[in-house]
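Letter by letter, the chains look like this.
2 protein chains.
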Amino acid sequence: MPEPLVGNLLVAQSGGPTAVINASVAGVVQEAGRHGCIEEIYGGTNGILGILNEELIDLGDEKRAAIEGLKHTPAAALGTCRYKINFVKKPEQAKRDMDRLFEVFAAHQIRYFFYAGGNDSQDTAHKIHLEAQTRGWEMRVIGVPKTIDNDLPHTDHCPGYGSAVKYNAATVMEIALDVGAMATDDGACCLIEVMGRSAGWIAAGTVLAKRHADDAPHIILLPEIPLDEEKLLAKIREITAAHKYCVVVVGEGLKDQAGHEIGADKTRLDAFGHPVLSGAADALAEIIHGKLNLKTRTVKLGYAQRCAAHFASATDAAEAAACGEAAVRAAVHGESGMMVKLVRTGTSPYRWTTGLQSLGDIANAEHFIPRDWISADGFLPNEKFIEYARPLIEGEVQVPMEGGLPRYIVLVKSPVEKKLARRTKTGETEHVARPVAVPA
Amino acid sequence: MPEPLVGNLLVAQSGGPTAVINASVAGVVQEAGRHGCIEEIYGGTNGILGILNEELIDLGDEKRAAIEGLKHTPAAALGTCRYKINFVKKPEQAKRDMDRLFEVFAAHQIRYFFYAGGNDSQDTAHKIHLEAQTRGWEMRVIGVPKTIDNDLPHTDHCPGYGSAVKYNAATVMEIALDVGAMATDDGACCLIEVMGRSAGWIAAGTVLAKRHADDAPHIILLPEIPLDEEKLLAKIREITAAHKYCVVVVGEGLKDQAGHEIGADKTRLDAFGHPVLSGAADALAEIIHGKLNLKTRTVKLGYAQRCAAHFASATDAAEAAACGEAAVRAAVHGESGMMVKLVRTGTSPYRWTTGLQSLGDIANAEHFIPRDWISADGFLPNEKFIEYARPLIEGEVQVPMEGGLPRYIVLVKSPVEKKLARRTKTGETEHVARPVAVPA
Numbered sequence: 043m044p045e046p047l048v049g050n051l052l053v054a055q056s057g058g059p060t061a062v063i064n065a066s067v068a069g070v071v072q073e074a075g076r077h078g079c080i081e082e083i084y085g086g087t088n089g090i091l092g093i094l095n096e097e098l099i100d101l102g103d104e105k106r107a108a109i110e111g112l113k114h115t116p117a118a119a120l121g122t123c124r125y126k127i128n129f130v131k132k133p134e135q136a137k138r139d140m141d142r143l144f145e146v147f148a149a150h151q152i153r154y155f156f157y158a159g160g161n162d163s164q165d166t167a168h169k170i171h172l173e174a175q176t177r178g179w180e181m182r183v184i185g186v187p188k189t190i191d192n193d194l195p196h197t198d199h200c201p202g203y204g205s206a207v208k209y210n211a212a213t214v215m216e217i218a219l220d221v222g223a224m225a226t227d228d229g230a231c232c233l234i235e236v237m238g239r240s241a242g243w244i245a246a247g248t249v250l251a252k253r254h255a256d257d258a259p260h261i262i263l264l265p266e267i268p269l270d271e272e273k274l275l276a277k278i279r280e281i282t283a284a285h286k287y288c289v290v291v292v293g294e295g296l297k298d299q300a301g302h303e304i305g306a307d308k309t310r311l312d313a314f315g316h317p318v319l320s321g322a323a324d325a326l327a328e329i330i331h332g333k334l335n336l337k338t339r340t341v342k343l344g345y346a347q348r349c350a351a352h353f354a355s356a357t358d359a360a361e362a363a364a365c366g367e368a369a370v371r372a373a374v375h376g377e378s379g380m381m382v383k384l385v386r387t388g389t390s391p392y393r394w395t396t397g398l399q400s401l402g403d404i405a406n407a408e409h410f411i412p413r414d415w416i417s418a419d420g421f422l423p424n425e426k427f428i429e430y431a432r433p434l435i436e437g438e439v440q441v442p443m444e445g446g447l448p449r450y451i452v453l454v455k456s457p458v459e460k461k462l463a464r465r466t467k468t469g470e471t472e473h474v475a476r477p478v479a480v481p482a
Numbered sequence: 043m044p045e046p047l048v049g050n051l052l053v054a055q056s057g058g059p060t061a062v063i064n065a066s067v068a069g070v071v072q073e074a075g076r077h078g079c080i081e082e083i084y085g086g087t088n089g090i091l092g093i094l095n096e097e098l099i100d101l102g103d104e105k106r107a108a109i110e111g112l113k114h115t116p117a118a119a120l121g122t123c124r125y126k127i128n129f130v131k132k133p134e135q136a137k138r139d140m141d142r143l144f145e146v147f148a149a150h151q152i153r154y155f156f157y158a159g160g161n162d163s164q165d166t167a168h169k170i171h172l173e174a175q176t177r178g179w180e181m182r183v184i185g186v187p188k189t190i191d192n193d194l195p196h197t198d199h200c201p202g203y204g205s206a207v208k209y210n211a212a213t214v215m216e217i218a219l220d221v222g223a224m225a226t227d228d229g230a231c232c233l234i235e236v237m238g239r240s241a242g243w244i245a246a247g248t249v250l251a252k253r254h255a256d257d258a259p260h261i262i263l264l265p266e267i268p269l270d271e272e273k274l275l276a277k278i279r280e281i282t283a284a285h286k287y288c289v290v291v292v293g294e295g296l297k298d299q300a301g302h303e304i305g306a307d308k309t310r311l312d313a314f315g316h317p318v319l320s321g322a323a324d325a326l327a328e329i330i331h332g333k334l335n336l337k338t339r340t341v342k343l344g345y346a347q348r349c350a351a352h353f354a355s356a357t358d359a360a361e362a363a364a365c366g367e368a369a370v371r372a373a374v375h376g377e378s379g380m381m382v383k384l385v386r387t388g389t390s391p392y393r394w395t396t397g398l399q400s401l402g403d404i405a406n407a408e409h410f411i412p413r414d415w416i417s418a419d420g421f422l423p424n425e426k427f428i429e430y431a432r433p434l435i436e437g438e439v440q441v442p443m444e445g446g447l448p449r450y451i452v453l454v455k456s457p458v459e460k461k462l463a464r465r466t467k468t469g470e471t472e473h474v475a476r477p478v479a480v481p482a
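Top to bottom, those sequences are chains Y and R. In this text, residue positions in the first sequence follow the numbering used here: the first is 43, and each later residue adds one. In this text, residue positions in the second sequence follow the numbering used here: the first is 43, and each later residue adds one.
These aren't lab readings, by the way, just hints derived from the structure by calculation. Some hints here could point you the wrong way.
Identical copies go unnamed one by one, so any copy, or any two together, can satisfy a pair.
What the hints assert, rightly or not - Here are the simulated DSSO-like cross-link-like pairs (lysine-lysine), alpha carbons at most 27 Å apart as the crow flies:
hint	residue 1	residue 2
1	132	455
2	277	137
3	337	131
4	286	252
5	460	277
6	286	333
7	131	460
8	455	333
9	337	273
Kindly generate the complete structure, drawing on both the sequences and the hints.
So, in structure tokens, the structure goes:
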């Protein structure tokens, strides 16, 4: 056990939000309160971008109930960003950004830094960790995993994934009842597009809606498996002949045999000369309707699937909070440059714990569905996948309701007094013409 | 009180399913069990279509718990259809259909007929009622209202509407948190397309997500208000300047000043020569992205919004069941040719009861949002609408869960023995080459 490192804590969120990334922040804040060496607990607004702008908020000013309420509140309560510090493409900007970050860290005595996010965010955390060592600024940096895409390596799965799958699978189940009820001898097809640009974890997860072999989804199209249009049409014909209807889940990043995204039709331009992004499901619907003369409808859940806290997985929310807590404990115990990971310790019943993995192992690696977790014809995940995914959607988060709708938490966000001169968007001068607003 | 009419009961569902139309069937079945004059309780599969095919199921064979479970099961458990009996366009077919229906009614001693559905279905019920009188077949016909579109006249609102609005409003609330968390100075816009081809009730209902003036949805585009593109772009610019993000709900039937649907772009043909139906939200997204250079994403909830029983309104489900019960009571008391309607008897607290309205008043009339329930600029429903809609989403239906997903009821569907010769699809001959399968 090293000498306790005394100082302030900064936590921020990055990348696309999820239904449970706020639970990780709650975990960080609540665990931090148990360690005397941690003095102030700050949040960075809009990830690294807000920190660059010295837009910190005092999480110590939030009510205890608000922090607890984060565990059922979707999206990123601190705000998030997709800002990257890129030493390869923009070395000068990256250098300026790092200087600025460490000015902010020093000005606010930040000794604990936690960054919740996906691949890019873990890469940022890794760079900050290395930079702290280089600069001799004693600060413990721990990444907290988050992504509905479930594509981070080394962790069994990612917080956010279970809730997205739970919501999507329930939606597929409900839509299947609807389409099945409407289907007559003419047949009916419904394509449900879900997120997942390169890895098909989210699409695959909807297989959990299948309680019997005949249940929907009948086909799941994964970005990992190049589309064979003829095989797909034959399969849809076979399924509608048997059941009168067919429900197909489409991963948005579905590619054709040449590796081009189905949904990005560059041959069509809109009124402004931009390529028409029809979306994978809509593009497929045109083909199915055209070639099979089958009534085909599409659903594009889009953002809805990553923030559906009204139907979040209690397992997922508990794991997300535990990752935040584990990050703080690790840092207090002297760790830095690590990401918290989820480790599966038992299958039946499902058991899990947290572990640590070097951030260097996480950045720039993507985790795909193993080919042997997918059926030979590529149209459905198999029992191996189901065994993996099933426990992740267990349990329901109880959301307080008000007037028939969820009561989500909005933080007070007391700003931490700024100590530095202002920074422009590019960090080039110290004064700005148009002040950057502090989010209310 | 007339002499009790002794005989069998037939209930069927028609049109697009909802989250609570099965609750109406449960209401019919449970209430029927309380009246000795009702002998057998049958269900028609796929609405009028299944009845024409003499595909009846014996609801008396279903377990009590299954009937009760219908109250939390979405879609149409009996199956549904969009089949119309059209004496104007297809008089011969309509005549044959009516003959066949009354053969089925007579063969199975149907004295009570209940049809749950929207406008077209009430019209069908009305025709059957009149035909029964003409033919001297003593049968009581009562329509049970159902439609998420909420466009039936004379009823305060329609079962199915409250649940669709509850789910959509929660979804808008969650997406708003997501988009708001991601928004930086560059701004962000999200368009959420919801159902409603001619009336904007569903789109308007999402205003309930607004707890504060600044909350999403910031703009609701109703099919009733022709789109003024310049005004819309100016409004989006104003909102993103103030809040950095803008959430727009788009009724799918949104029309331009010339009355053409925004989502039906007939100038673009797909590979098969069909017009590309881009959808209203996608069409608008191209305009917004093109003209404002604003990051714009779309969500198309499609079928998901009419079957989201995992987040159904308890008020809606209770009203749907009560409509089924009231239909049976009315019929037993001698009424026929009526539709059950919902009557609001109190505002604060909300109170309601059921009433009856002649089916002749319902058919071929559509109910739109009064213009004075919409703001002057046409971009948001006002307090009058909110007062109307607010109570309809109150309370949550408790759905039993299994493995993290809803446990919905599937009926056993014991077929009632057929007594008539088979009917072809067109009803022209008595024998068919390809037998029409009885749904399992």
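Structure-inconsistent hints, enumerated in ascending order: Of the numbered hints given earlier, those the structure breaks are 1, 2, 5, 7 and 8, listed in rising order.
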